[in-house]
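Trainee: Residue numbers (our numbering), protein chains in the order written: chain A, 1326 to 1661; chain B, 1326 to 1661; chain C, 1326 to 1661; chain D, 1326 to 1661.
For the record, the hints were derived by calculation from the structure and aren't laboratory data.
As the structure is a computational prediction, the values presented were derived from the model and not from experiment.
Do not take every clue at face value.
You can't tell identical chains apart in this list, so a pair holds if it fits in one copy or across any two.
Computed list of lysine to aspartate or glutamate pairs in DMTMM-like fashion (alpha-carbon distance at most 25 Å, straight line) [stated by the list, open to error]: (1) Lys-1350 <-> Asp-1614; (2) Lys-1461 <-> Asp-1426; (3) Lys-1350 <-> Asp-1623; (4) Lys-1520 <-> Glu-1648; (5) Lys-1461 <-> Glu-1511.
Number of protein chains: 4
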Amino acid sequence: MNELRVGIVGVGVMGADHAERIVRKTAGARLVAVSDPDLARAEDLGSRLDARVVADPLELIASNEVDAVILASPGFAHAEQLFACLEHGKPVLCEKPLTTDSTSSLEVVRQEAALGTPLIQVGFMRRFDPEYQQLKALIDGGELGQPLVMHCAHRNPTVPPGFDSAMVIKDSLVHEVDVTRFLLGEEIASVQIIKPMSNRDAPRGLQDPQIAIFQTVSGRHVDVEVFVTTGVAYEVRTEVVGELGSATIGLDIGLVRKSAPGTWGGRITPGFRERFGTAYDIEIQRWVDAVRSGVNVDGPTAWDGYAAAAVCEAGVRSLETGERVDVELAERVGTR
Amino acid sequence: MNELRVGIVGVGVMGADHAERIVRKTAGARLVAVSDPDLARAEDLGSRLDARVVADPLELIASNEVDAVILASPGFAHAEQLFACLEHGKPVLCEKPLTTDSTSSLEVVRQEAALGTPLIQVGFMRRFDPEYQQLKALIDGGELGQPLVMHCAHRNPTVPPGFDSAMVIKDSLVHEVDVTRFLLGEEIASVQIIKPMSNRDAPRGLQDPQIAIFQTVSGRHVDVEVFVTTGVAYEVRTEVVGELGSATIGLDIGLVRKSAPGTWGGRITPGFRERFGTAYDIEIQRWVDAVRSGVNVDGPTAWDGYAAAAVCEAGVRSLETGERVDVELAERVGTR
Amino acid sequence: MNELRVGIVGVGVMGADHAERIVRKTAGARLVAVSDPDLARAEDLGSRLDARVVADPLELIASNEVDAVILASPGFAHAEQLFACLEHGKPVLCEKPLTTDSTSSLEVVRQEAALGTPLIQVGFMRRFDPEYQQLKALIDGGELGQPLVMHCAHRNPTVPPGFDSAMVIKDSLVHEVDVTRFLLGEEIASVQIIKPMSNRDAPRGLQDPQIAIFQTVSGRHVDVEVFVTTGVAYEVRTEVVGELGSATIGLDIGLVRKSAPGTWGGRITPGFRERFGTAYDIEIQRWVDAVRSGVNVDGPTAWDGYAAAAVCEAGVRSLETGERVDVELAERVGTR
Amino acid sequence: MNELRVGIVGVGVMGADHAERIVRKTAGARLVAVSDPDLARAEDLGSRLDARVVADPLELIASNEVDAVILASPGFAHAEQLFACLEHGKPVLCEKPLTTDSTSSLEVVRQEAALGTPLIQVGFMRRFDPEYQQLKALIDGGELGQPLVMHCAHRNPTVPPGFDSAMVIKDSLVHEVDVTRFLLGEEIASVQIIKPMSNRDAPRGLQDPQIAIFQTVSGRHVDVEVFVTTGVAYEVRTEVVGELGSATIGLDIGLVRKSAPGTWGGRITPGFRERFGTAYDIEIQRWVDAVRSGVNVDGPTAWDGYAAAAVCEAGVRSLETGERVDVELAERVGTR
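Whenever a hint applies, use it, and build me the whole structure from the sequences.
Mentor: Here is the structure:
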């Protein structure tokens, strides 16, 4: 297939990020159209990223020039836009929530099912996070044994104005809902929300923190602390306790595992590709950018290569002689 | 400028990785040509990534269809290929080493300087690694005070056949040479190689581990343990000790800093974009791939969105009532 | 006051430990009497530690030779023995539980109160643990702000035969009950026990793990995972989440604190007395033991002192000359 | 043998600590005499700890009332005092250094050897530190394979006035000298001191940091950073790199080990005695002190025992019913 022509509906923080992502980091895709009720915002982005601005989101979805759609519009707009995607047979990546209530969500599910072909993906991005992937692999590989209990914490330093107690559930806890279903591979059977003493620094009327207790269909226990006004940082932590050991992610030190007979620890990055893969990615991208802009170099220069060679030669002489060897560098050439 | 047309000389492990990187992850660049003495290897890669195969590397460098060159050929071939790049005015990203000796490296530096325009970048990729970047920022921001001492370790589990004692210096230690120059911002004045008791599991004739002692021009001390047959994992560690504190990277737990009055620790990932940026990148790429291949969905489905909505609704009811609320899900629709 | 003459009732694992503790590590106290239904066990310990064996625990408590009592008998025996201590005005350190039910416990409290002088201390030893002390100090010093939520985990690798579901609460959870009351400084208002899917490796009939939810009088939330058949190790963890940050103990890496603006970490041991205090204690005790046994030395010898002096002298010469200096040692004297 | 009657020569910081240690924490020993050139200091300590003050250290050593001696006098006084101990056949624990130069140290070794019975132990206390013990056990158990390289760091926040460059070696580095000999079990063959750029906050004339390079007799490499004016904290770190893996102590997170196939981590405290042994020690000592002083209780009270019983009873009811159960406490009795 040719390059995928992507249209984005809603270019606030999330949608604009995705637009950059399509343009800067994604192979096989091209950003062709954006739509946003804030027309100025859409035009600014469109001109910067060379995408057409379409005022009406349904027109964008219907457009022949758009192969697939990213929905980053507010949740209340999703249902209508999703139905439009289904109608026009457009694959769509829909930021969470699918819709704002389960009744309309179920209707979306049914209409998609009636089409007989999957078109809708939901933006629960944690499933793609390397730490969650590692945790999932541990569970599925049986290394923790049967999982019995899961502890989660979801902390934000602050929330935007107007964030209310129900949004703690629908906007924050919803991620842990999906993490639970993803990691344990089964549905949640019941929910209980506990309201502890509330943070005095939380906006008036906001119950924060909240504790959620899930029981899964097979009887596993999950507890979640959601605390969105900690003032500290963005912290997301998950611990799975199984019959053979436990593992925690989100402690800022990678996946930490506890196993019989009483050891704790993690994996060392296995090789240079894993350890420095991101560095290579950045190196190449910045070099490409530098060449395209005419600067040509944005990193170590030929002089750096020369200096390294001179030091290594001195090193090899020291290896042979056992003595300390002075490094003789030529007069500096150029100014960089 | 239009998309940068990139040619790659040498498509072994490193060159093939870079080819994938250009094609899959790099914005603004296109892979147009590859060259390798192993023609079958070149053709295999070329046909897979849709790049022309040019048998003669110098012809690739000279080609009008190639705007810029990545050199991933063996070090001994670099000098001639670099001179060709300079001759044709082609920007080049040259994997380390620049050349295999300091005399030819200096000649490269001089010829580039004579051109009056920078064309050569050297592939010391660690400068782009987020942990090294953080460490550099700490130093340059003065947060460690004047750096006085640096301790490095560079450990590989194994080395390929034929790896000899001088290669420990030229292939492995060379990275620490550049790290030293990068982090401390000055040249290395002397080198001493210490040969401790050698690993009995190292290939015969290979002195391993080796200890390198650098003194910088301003008198700072750097020591490096290079140990390339540990059997454990790929470990690269750097600790900078300054007048106001110290910081270490490569402990598998992020940058760890020690500061007055006696605390140790690191930074929590500040926000969701930093924490889950990679997850979003992967999500979008995999979704684009899924749509292009006709599968349309490679991640959470509409049902996942529906189930999350149903759980959140139960959560909001529990928030209001204080009671545990059962989650009522519709009959499963579809099979995914 | 002269040395305290201590009698111990019950010399199973715990009581025997305390007996050793009194004899080996406790200043100002002397073990004078022990009592145990297993007379052989009592006599063995008594002869080893030079303490009189008293068959009847009430006689031990009443004895004029006993100033104070440690109760390490089974919980069901505590009530009668505590009343005896109160009757005879004997200070008593009573291992938990105080008694096996709250009615008799309250009666003990009332009788002690009627005496007008405190006599009874309960063995909730975690209050004396340095990590709990640090956590308590953080809370009381206001460094975490108002505590809002607390998460605890209490894990044992295995339990003895006969350990049942109620014992999970009375023997294990009881520690977290006290930790909650100690750290938060208030009573617990309600308890809920959640029974998740149970470990298949747990003895038949034992519900394990169990999740306890406490609400304190002022509305704080505490959750506790008690899992006594993990097969892994003994793990006890407490995290306190407050309005200004959070802190966790029991992660095997000391107290770890998270604070604004987004840092995590701990304290470095401040000085050599803290870092090596235990080493000094052990050194002195082992030296005293060695001298008493006629061996005289159980640690570094005079030769070790000489060799260190020789190396340091070489070091000082190297400091002066900048050269490597060989260490010349005399012929080894003696065989140690 | 009866209680060991100990005399201490020199009751500055270290000697006074040891005096307290003998009195408060050491079984089988009694402090009987102290001596110090600062008579007021000696008398203060002597009256507080009920020990006789002897003005002349040689008289203390000779005294029939003293079975064994701790030398905590300045290093320059050790030789004479050690010879006196040998003459009178008194076992002696001598704080490091044995003497201030290797010639006199060797003479001490020879005179002790001539007696045919060991009398002298040197105060290298790190050999008794639990982390060094664990590291030693790993090495001796072969779990790291043959040790090849060792990296040490020894950092002090500050040093007392008058601390000079040679004292960095004799007072600080000397510990790493002994650690090297202890862990590797062989002598040091050569020493090299490297003087990097010095800390501007160090006292004038003090070379700080210093780097020491040891080569052992069998060819192992040890490097040590000694940095005594860091301003941060007291940090002592040792890493041993062996043929099968490496292990580090002193990172504030216990012993951390790296092993094939690429894992890092430590041991979880295995059981409650290890985890809470110190807590029990403190509990018992503080209870004994409280009873001796007439306060009787210095820890959890009977009320705490009652409250715990009431919570556990509610917990058992919740276990049975699955419901949340309120805790009913009696009216508070007493004021504690």
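Trainee: All hints, please: hold or fail.
Mentor: Against the structure, the hints:
1. Lys-1350 <-> Asp-1614: Classified as both: same-chain Cα gap 13 Å, cross-chain 13 Å, threshold 25 Å.
2. Lys-1461 <-> Asp-1426: Result: close neither inside a copy nor across copies, 28 Å intra and 44 Å inter.
3. Lys-1350 <-> Asp-1623: both (19 Å within a copy, 18 Å between copies)
4. Lys-1520 <-> Glu-1648: For Lys-1520 and Glu-1648, only the inter-copy Cα distance (11 Å) is at most 25 Å; the intra-copy one is 70 Å.
5. Lys-1461 <-> Glu-1511: within (13 Å within a copy, 40 Å between copies)
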